[in-house]
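Visitor: Sequence:
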Amino acid sequence: MSETDQPSIAVQPLTRHIGALIDGIDLTRPLGATQVAELRRALLAHQVIFFRNQPISLDQHLALGRHFGSLHVHPNSPGPEGYPEILQIHADENTRRIAGDRWHSDVSCDVEPPMGSILHLHTLPSHGGDTLFSSAYAVYESLSPGFRRYLEGLSATHDGEPTYRQRNRLRGIDDTGRRFPKASHPVVRTHPETGRKGVFVNANFTTHIDNVPAAESEGILRLLFERFAAPEYQVRWRWEPHSIAFWDNRACQHLAVWDYYPEVRSGYRVTISGDKPYL
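For the sequence shown, full-length UniProt numbering gives the first residue as 1, with consecutive numbering after it.
Honestly, the hints are just simulated from the structure, not real lab data. Zero decoy hints are in this set.
Result set (DSBU-like, lysine-lysine): computed pairs, CA atoms no more than 35 Å apart in a straight line:
no., residue 1, residue 2
1, K276, K182
2, K182, K197
3, K197, K276
All values derive from a computational prediction rather than experimental measurement.
Could you put together the complete structure from these sequences and hints?
Guide: Written out as structure tokens, the structure is:
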């Protein structure tokens with residue numbers, strides 16, 4: 001079958017603000033340029049796109065990510081041997097804290113935070129283990145015009161140190177002497193492909209608003225974090241074995257629900273490199 005003969009993907013929006021289910025594509029097979037372009041359009045339109053029944057291998061997972069850019073290596077969690085760009089996502093009866101249990105955009109503490117992430121879960125608990133996604137566009141657009149203008153003049157510090165050190169301590173990992181990324185980013189960022197504005201602070205990595213009193217910083221961040229947690233700006237994804245979620249870290253945040261202990265939830269994530277946020 002030639003590339004021009006390949007069927008178009010089916011895109012089913014899941015909520016008004018965010019999320020779409022993709023059908024009509026087999027991610028275990030090589031993708032043509034038309035399919036890649038359609039997936040990119042769907043991602044930009046819906047911020048996170050979902051797939052069912054895609055039993056991809058690690059090599060197929062890497063190939064999928066590379067269609068959208070170079071791949072990011074996680075600053076704290078190395079991948080399996082031979083796969084440095086793969087991040088294992090695993091929780092079981094020995095887990096003391098899971099990754100992603102607070103609202104966040106992946107590795108926003110990097111100077112150039114990741115553009116996107118592709119998560120494939122192969123093993124799921126009998127119940128639970130959903131992931132929530134919240135639209136940074138919808139949060140920004142829910143604010144009053146005056147408050148938007150105020151936020152557009154601010155930057156905030158994102159620091160990986162508190163999160164990664166705590167996670168390592170709970171896992172019994174000695175990270176003495178290691179340094180973790182830290183960066184300052186605009187509180188409101190402009191998406192480099194869509195041109196839309198979204199709020200870019202999160203509960204996991206953002207420690208404070210720069211150059212404002214501590215009480216003011218705390219109040220602003222609390223308001224914005226609560227807005228991301230509002231259900232009207234969210235989509236909730238119920239995983240099945242070999243489901244995939246592909247989200248745009250520039251346009252949304254996510255939270256993994258840990259309601260399945262001591263059962264197993266396991267898979268792999270590929271993360272796509274991004275660029276420096278700007279207003």
